[in-house]
Structures are given as C-alpha cells and as structure tokens.
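Number of protein chains: 2
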Amino acid sequence: MKTEKLTREALTAYAAENREAFEALLKDFVEIPSVSVDPTKKSAIRENAKLAADVIRRFGGESRILETDGHPIVAGAWGKNPLWPTVTVYNHLDVQPASIETEPWKTEPFTFTKQGDRYFGRGTTDDKGPALTALYGIKAALDAELPVNLRVLWEFEEEIGSPSFEKAIAAHADLLATDSVLVSDTIWIARGKPACPAGLRGLQGFLFTLETGETDQHSGVCGGAARNPMAELMKLVAECFDATTGRVKIPGFYDDVVPPTKKELEDFRRSGFTVAGFKKDHLFKSLRTKDALDLMKRIWAQPTFEIHGMVGGYTGPGVKTVIPPSAEVKVSCRLVPNQTGEKIAKLVTKFVKSKNKDVVVHVKNRLDPYQGKTEGPLAEAVKRSMKFGFKREPVFVREGGSIGAVVTMEKVLKCPVIFLGLSLPEHGYHAPNENFDWEQASGGMASFTRYFAEVASLGKPSKLAKPGPRPAKPAKKVAKKGKK
Amino acid sequence: MKTEKLTREALTAYAAENREAFEALLKDFVEIPSVSVDPTKKSAIRENAKLAADVIRRFGGESRILETDGHPIVAGAWGKNPLWPTVTVYNHLDVQPASIETEPWKTEPFTFTKQGDRYFGRGTTDDKGPALTALYGIKAALDAELPVNLRVLWEFEEEIGSPSFEKAIAAHADLLATDSVLVSDTIWIARGKPACPAGLRGLQGFLFTLETGETDQHSGVCGGAARNPMAELMKLVAECFDATTGRVKIPGFYDDVVPPTKKELEDFRRSGFTVAGFKKDHLFKSLRTKDALDLMKRIWAQPTFEIHGMVGGYTGPGVKTVIPPSAEVKVSCRLVPNQTGEKIAKLVTKFVKSKNKDVVVHVKNRLDPYQGKTEGPLAEAVKRSMKFGFKREPVFVREGGSIGAVVTMEKVLKCPVIFLGLSLPEHGYHAPNENFDWEQASGGMASFTRYFAEVASLGKPSKLAKPGPRPAKPAKKVAKKGKK
Numbered sequence: 001m002k003t004e005k006l007t008r009e010a011l012t013a014y015a016a017e018n019r020e021a022f023e024a025l026l027k028d029f030v031e032i033p034s035v036s037v038d039p040t041k042k043s044a045i046r047e048n049a050k051l052a053a054d055v056i057r058r059f060g061g062e063s064r065i066l067e068t069d070g071h072p073i074v075a076g077a078w079g080k081n082p083l084w085p086t087v088t089v090y091n092h093l094d095v096q097p098a099s100i101e102t103e104p105w106k107t108e109p110f111t112f113t114k115q116g117d118r119y120f121g122r123g124t125t126d127d128k129g130p131a132l133t134a135l136y137g138i139k140a141a142l143d144a145e146l147p148v149n150l151r152v153l154w155e156f157e158e159e160i161g162s163p164s165f166e167k168a169i170a171a172h173a174d175l176l177a178t179d180s181v182l183v184s185d186t187i188w189i190a191r192g193k194p195a196c197p198a199g200l201r202g203l204q205g206f207l208f209t210l211e212t213g214e215t216d217q218h219s220g221v222c223g224g225a226a227r228n229p230m231a232e233l234m235k236l237v238a239e240c241f242d243a244t245t246g247r248v249k250i251p252g253f254y255d256d257v258v259p260p261t262k263k264e265l266e267d268f269r270r271s272g273f274t275v276a277g278f279k280k281d282h283l284f285k286s287l288r289t290k291d292a293l294d295l296m297k298r299i300w301a302q303p304t305f306e307i308h309g310m311v312g313g314y315t316g317p318g319v320k321t322v323i324p325p326s327a328e329v330k331v332s333c334r335l336v337p338n339q340t341g342e343k344i345a346k347l348v349t350k351f352v353k354s355k356n357k358d359v360v361v362h363v364k365n366r367l368d369p370y371q372g373k374t375e376g377p378l379a380e381a382v383k384r385s386m387k388f389g390f391k392r393e394p395v396f397v398r399e400g401g402s403i404g405a406v407v408t409m410e411k412v413l414k415c416p417v418i419f420l421g422l423s424l425p426e427h428g429y430h431a432p433n434e435n436f437d438w439e440q441a442s443g444g445m446a447s448f449t450r451y452f453a454e455v456a457s458l459g460k461p462s463k464l465a466k467p468g469p470r471p472a473k474p475a476k477k478v479a480k481k482g483k484k
Numbered sequence: 485m486k487t488e489k490l491t492r493e494a495l496t497a498y499a500a501e502n503r504e505a506f507e508a509l510l511k512d513f514v515e516i517p518s519v520s521v522d523p524t525k526k527s528a529i530r531e532n533a534k535l536a537a538d539v540i541r542r543f544g545g546e547s548r549i550l551e552t553d554g555h556p557i558v559a560g561a562w563g564k565n566p567l568w569p570t571v572t573v574y575n576h577l578d579v580q581p582a583s584i585e586t587e588p589w590k591t592e593p594f595t596f597t598k599q600g601d602r603y604f605g606r607g608t609t610d611d612k613g614p615a616l617t618a619l620y621g622i623k624a625a626l627d628a629e630l631p632v633n634l635r636v637l638w639e640f641e642e643e644i645g646s647p648s649f650e651k652a653i654a655a656h657a658d659l660l661a662t663d664s665v666l667v668s669d670t671i672w673i674a675r676g677k678p679a680c681p682a683g684l685r686g687l688q689g690f691l692f693t694l695e696t697g698e699t700d701q702h703s704g705v706c707g708g709a710a711r712n713p714m715a716e717l718m719k720l721v722a723e724c725f726d727a728t729t730g731r732v733k734i735p736g737f738y739d740d741v742v743p744p745t746k747k748e749l750e751d752f753r754r755s756g757f758t759v760a761g762f763k764k765d766h767l768f769k770s771l772r773t774k775d776a777l778d779l780m781k782r783i784w785a786q787p788t789f790e791i792h793g794m795v796g797g798y799t800g801p802g803v804k805t806v807i808p809p810s811a812e813v814k815v816s817c818r819l820v821p822n823q824t825g826e827k828i829a830k831l832v833t834k835f836v837k838s839k840n841k842d843v844v845v846h847v848k849n850r851l852d853p854y855q856g857k858t859e860g861p862l863a864e865a866v867k868r869s870m871k872f873g874f875k876r877e878p879v880f881v882r883e884g885g886s887i888g889a890v891v892t893m894e895k896v897l898k899c900p901v902i903f904l905g906l907s908l909p910e911h912g913y914h915a916p917n918e919n920f921d922w923e924q925a926s927g928g929m930a931s932f933t934r935y936f937a938e939v940a941s942l943g944k945p946s947k948l949a950k951p952g953p954r955p956a957k958p959a960k961k962v963a964k965k966g967k968k
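Residue numbers (the numbering used here), protein chains in the order written: chain A, 1 to 484; chain B, 485 to 968.
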C-alpha cells in the first residue's frame, strides 16, 4: 500500500494530471445518446455499454456486459482477494431524453461542451460524470495498491425504473457478490455543503377506473340522470386527501410513519436547504408551505397522495359537452419508513371501495421505502471521505424520490447500500442545460479514493456492518422508477 | 282551397304516390357528406346547399343561398300574400361525422340504404329526413291551395352549434320575416307516442384553470410540498357539486329554477318514457336514479353541473409520477327556465374564487334555456296535426339539450317557435346506423300539411299568438351547440 498516494495533496495532483483524460472520456460518454426510454436509441445504449466495458479494461479491470430482458448492465472488477473487502460502486449510464428543438438548451445536448470548469451535455451529472469520477477514484486506489476489491455496476435502465435490474442481478449474484454498495447518483442541497441521503421514499402507484356506460353521451340529453365517471373519481380523490394541505384522509395511512429523529432534523436544518432555492430550482409559483423545515419534512420524511393524470372525456380546446362512459385517474403514494407498499395498497383499495363500490383499483408499480444508515462504520467512512474531498462533513438528509435499484441491491446482493453523490441542484438533473463541473469531479475523485481506503482499513468482509432490520418488506416488483 | 285534398285518406294516398320520389330525394341528400365539423367537407356542404336550393325551385318555390361567416343557409319561399299567415319550417341539413372504419356501421354511412320501410345513412333522421318530409308536407299544402305563405329555413351549422346563424338571420331579417317557426329536429320518447318539446335546457360552459408551476416536476423530489393543480381542481369540483347525487352545492344555483307544472308532469308520465328504455338507448350501466319521473325531471327540468374533461398531467399507459405545472377542467351547466347563463356564470365564478383564489374561471359558450308553449293556438294546432298524422295526441315533454337556433329565431325573427319532430329513439341520432322510416315520414307529411292548414285557418298574422314574456334574457352569443 502506497499511503503517500492517498494524501489530499497527492490526490489533488492526481486529479489535475488526469483532468484532460477525464474530460475526453466524459465527452465520449456524453456524445452517445443513451436515452433508455427511446426505442430508437437501443443501438446507442449498446454502443455505450461496449465503450464502458472497453474503458474498464483500459483501466485494468475485467468487464462483462450482462444481458437483461431490456438494456444491458456493465460489470467491472478489479481484484479478487478473498481476504479483502469488496466494494461496488453503482452508477447508471442511461440518460433522460433531450432536444434542443423543443427544450431551451443553449448547447447541443449530445455534444459535450466545456465552458471553463463546467461541462454541458445530457448525462454529464446524471449520471455519467459521477460514474467516471468514481472510475478515476478507483484508478487512484489501484495506484495506491489498496487492499480492497473494487467493482463497478453500471446500469442502463435507471431512467425507466430499472425494469430488468432485479432479475438480471439475481441471475448474476455470484459474479456481482460484494460486501457493500456505494451509490453515486444523488444531489446535494447546495454547493459546498456535501449531503448524503439516508433514506429514500418508496412508491405505490394506482389506477382508479370507473365505467358507467359504453359510449360518450350528450350532456343535454342525459345530463342529470347519467353518472359522470370523471366527476365521481374527482369526488373520490377529494375524499382520499385534501389537495390544499396534502393531508391524506385514508384511515391508517400514517400509522407506520417513523418521524425523523432529532439528529436527522438537525442535519436537515444544516443542509443548506432554502424554500426560495427550492421554489426557484423547480419553478414553482407557490407551495403548500413557506417553512423550510416543514418543506423538507414534506418532501423527505412524509408520505404523499398524488394525482398524475386523468384519462377520459374531452381534452381539446374549449368545452365539448360530452359525458364520457369511463374515466381513469392516475395516483401514487410516496412512502416513508416504515410504510410498505403492500399495506398502503390494501388501505387505499379498501377505502376507495367503501366510498364508491364501482371504482376498480388497479395496484401498480411498487417500491418500498429505503431507510439508510447514518451511523456505523460505512456511514462514518462516507462522512470522512466527503470531508476529505470537500473540506466539510456531509449532512444526512433524505431523498424524496425512490431508486428501485437500491432496495433491489440490498435485497439481492444482501449487503448494505450507502450513498456518495456529487451532483448539485444547479447541475439540472433531467433538465435542459444539464452540466457537471470540475470542482465536483476532482473533489469526488479524492472522496472516492479515500472511501476505498476507509473500507480497506475496515478489513475483511465479516467486520463490515451488515444491513440492519429492513423497515419494509422487499419490493415485490421493480417497476416504474422514482429516481430524481 | 281544395279541402278534399286535406283529408287523412287523401294525404295517405298522396304520401304513397310520392314515396318513391321522397326516397330518391332523401338518397340524393344523404349521399352528400355534409359534415359541418369537418373542414374537408366544405365543398360537400356547398353541393348540398345548391341541391337544396334547386329542389326548392323544383317544388315551385323561390330559393336563396344565404352566405354566412361559416357554412351557408338555404331559404325557400312559397307565397307572399300579406293577408295570409307566414310559417317557416326550420331544419338543418348538416350532419354528424360518421365512419364505417371506426364505428359499428352495418352499411356505408353516406350510402342511402333502404331495408324494407327503413332508410339507413347519416342524416336520414337528423335532420334530412324530417326536412324533406316537411317539404312534401308543403307540396301537399300547395296542391290544396292553402291560404298560407310557406317558408323553409335550412341551416348547415346546427351540428357545430350554429356559430354563424344569429348574425346571418339578423342580416336577412326582412327576407326571413315570418309569423311563426316550426322546428322539426326533435325526438319522440317512444314509437307511436308523439311528443313535442315545450322547453329546452340552456347551457353555460366554463374552463377552470390553475397554474402552480412552470414545468413538470417529479413527485418524489417535490411531492408533498408542491401544489398539485389537478388535485386542487378535483377538490374544487367536489366542492361545487356532489357527483353521486348530481346536487349542485353552489349557493343560489337553484334559485331561479321553475319546477314543471302539474300538467307538464302528467304529460311526462304519459310520454312513454321508461328507465329501462333510456338506459338501453344510451348504453348506461347504472344511473343516478331508478325512478322514471325523477329521471325525466333530471334530464328535462333540472339544471346540471357536468365535467367533460381534464387537461394536464400524464395520460399514457400506467402511472408516470409527474406533478403537472397546470391543469384545466372543462365544465358546463345545463340551465332550465328561468335560469340565465349570465347569473349562473357569476355565481360559479364567485364560488370558485371563494374556494381557490388561484383558479381562473373562463366563462365559455352560453345558451339560455327556452321555455316553449304548451297552450295557445299554435300549441293546439301542433296537437291536432300530430293526432291527425299519427292517430294520437302528442305529449309536451322537454328537451334536455339546447338548440341555439331556437332562442335565436325567437329573438331575431320576433315570433313564436314551436316544435313538430318526427325522429324516434331507435333512429340513432348521432349514432352508427342512423335511420329514418316510412311510418314517420308518411305520418309526418300528413301532420305538416295539417299544421299548415291549421295555421291558415288561424288567419292573418295579427291573430297569431305572440311570444310570451321570455323566461330568460336573450343569449349574448350563440356558440357551441347543445342539440341532441
């Protein structure tokens, strides 16, 4: 072990030396439009997977492209010493769609554009930049001859909810065996204030459908006597929750909610979160609350009842006086520890039936919430690593969204999952002009290398923290995504 | 006057003699696809208008094609004797769209298909068949040398809400001057039981819109803090009315409603209306009521609050967990005498603002309700004429829909408007396999001729009933249609 290569100075110099190569590699990755939702981009995904596998080999690792029912997964491995701990870094290399023609991009989304320390392009921050940052962290760890087996697990279906992920990693559980997973796909609250999620909300989707006739009817001829399925579903939604406050009225809905601890609330307060910033970042005109802590609790630590769309009737210009024969409302609940999708689905279904017996509840996509660790050796290792890379200890916040892969990895790979994210709110996740920057990349490289050193120093797998009691049953089905 | 030509026997023989010619003419009209809503059918409308004008001349009348801001109007005239009363028969010659490819037509909709006594094709019953039936009624009246000036007013925009009608007839008010109008575009409740509407519901359309952000947001990242405009509109709708019962909760909404008289309710009961028939005709699975009289009151004599559609969010398959930045709900109220669109618009707007100040209410299409006559010389004339043609006196019911042209003609032509409809529920207004039949056509010819004789016997215009006090202010704007 070459400890001299692990100092802040050495790793800063290492990052600077590798900056050009990092940027060139990021350019190669960004310029492949690996848009997982777009069926016409299948070959681009394939191309990106091949490049990724090549790059792992170039970095001295072994790589495999694992086929799935959908887009492939790329697995990379450095080291196979059974006496060393194994750590796997999870990233995804698929990206959101982007178009300069329909969205306000200032540069071509699939052209890597460097402007000073900023790198513009789709995927720069979500999640190709962090993936390649981790790769350079691995390279430095290898250079330092750290006694740790390193792995990368690069998915290409994260942006579509990881539909093939669970089956694929279960099929390759031996190959992918690891002692812990480090997920690098999350966002800080503010630049200069490192933050790690210590919990993810889950998700339970529903369709409520109601059919009262067979064809459109005229509201003059039948109106008053005809049932109106859209209006009945609206009434039902209003019975389920108060849209003004967000309060869910379904009995038992909040029963299993574990409120954040005092320590967590302190971290929330120190996270750098502001209401004005949140409002601006997401272009809201107004919100359900003006209080920062209340807002953080609402998005990170409380469940929701949300309406996403309604199908039925007339949606063209003006008013067409038709009574539709059927309607559907698209609903989901974000869940928090210790809620489970299973129980919430039962409660919602029962409640809906009690209010309108003709409404059919279709239980859809389910992701149980994830309660991460804020204590223990790995959490401490992340804290020290981020402080090492960014000069400030991270706060543990929560992630309002859901990352299906996290719950899946914990369940299938039977190991703890922890987070080391590098993205910033101004990087524009899923937005036009997505970007990443050198400050986050270089600090990130140092943090990753330090984390691998921390894990190495923890020694053999048996000493590693095992996952605590899961707050929720394992997800039955990895379906639609919920990741920011 | 040749009274021998006015007996039931003579008119039955007249109808039989003219049956082939009537069918040939109906074929010519039906086979022109005069679909007013379809911009590609403009020339078909023009062709039909020319044919209609030609036919009027063939029947010995003078005809004019009146240009409007939209599709033309055809006016026909027989007789100009200032000592005679003038009666105008209103029909429309435009039709609903129809397609054998997307709808369950058993025959080509724009091919006239005779099957025994039935005539299939788009427009056969709505409203080309009744128009040509009236024309043959006029011919018989001319043959009998009745002392009455006869007119037809054939519109080509009824199916799109008569947007150009008011302006056009106001511009030609002198040409179109008449002592009364007979509208033939309504449906009986059951075969063998003649029915005339003595009232039409009005309409007040609204769009409720709410904007709480600028772009779609992620329900994981923002859910709980973000306002959900769809859900807030759903809550608002539930505050406006109870979708289960249909009861409107807006204060003052029912204040001006004039309940049907005892006599009207008796007529409702005698109309042949059945809940089972209504349910079957309109393919409903269930209704808000199982009681026939309650149902008739609901569709004919009570106002409604109806939801027609909601715009916003995700409407594809499954659940996509997006929070939309804005939403719109399409609403309309059917109105009954003495409600006015103006007052209802004010009440609804005020109520909505009191519940959610950020919701914008857009007041849209307005048609005031129409209170027809069930008594007086013209109503008696219609009663006797229908009994003459169909062996049974008609009941006066109501029409749940709105016919913009009716209110317009009463206002602009300053004369009473009365109804003599011939269509039956099984004729399939607006539906696939629309049809008309010889029983209705031949009985209708006799009824029309008898009506012209009745009007002739009433003598000079000054003796005719003048319109009573209008229950509502004249419609400000003739907009979207509401005709059955």
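If you are wondering where the hints come from, they were derived from the structure by calculation, not from laboratory data.
Please note that the accuracy of each hint is not assured.
[As the list claims (entries may be wrong)] Here are the simulated DSS-like pairs of lysine-lysine, each with C-alpha atoms no more than 30 Å apart in a straight line:
id, chain 1, residue 1, chain 2, residue 2
1, A, Lys355, B, Lys837
2, B, Lys837, A, Lys290
3, A, Lys320, B, Lys871
4, B, Lys834, A, Lys290
5, A, Lys411, B, Lys804
6, B, Lys895, A, Lys280
7, A, Lys249, B, Lys895
A quick look at each hint next to the structure:
For the proposed pair Lys355 (chain A) and Lys837 (chain B), the alpha carbon gap of about 28 Å is at most 30 Å, so the pair holds. Between the alpha carbons of Lys837 (chain B) and Lys290 (chain A) the distance comes to roughly 22 Å, so the proposed pair stays at or under 30 Å and holds. For the hint pairing Lys320 (chain A) with Lys871 (chain B), the CA-to-CA distance comes to about 37 Å; that exceeds 30 Å, so the pair is violated. About 27 Å separates the Cα atoms of Lys834 (chain B) and Lys290 (chain A), which keeps this hinted pair within 30 Å; it holds.
Taken as a hint, the Lys411 (chain A) and Lys804 (chain B) pair is honoured in the structure, with Cα atoms around 25 Å apart against an allowance of 30 Å. Between Lys895 (chain B) and Lys280 (chain A) the alpha-carbon distance is near 54 Å, which puts this suggested pair outside the 30 Å criterion. Our distance criterion of 30 Å between C-alpha atoms is broken by Lys249 (chain A) and Lys895 (chain B), whose separation comes to about 52 Å.
Taken one by one, the earlier hints fail for this structure at numbers 3, 6, 7, listed in ascending order.
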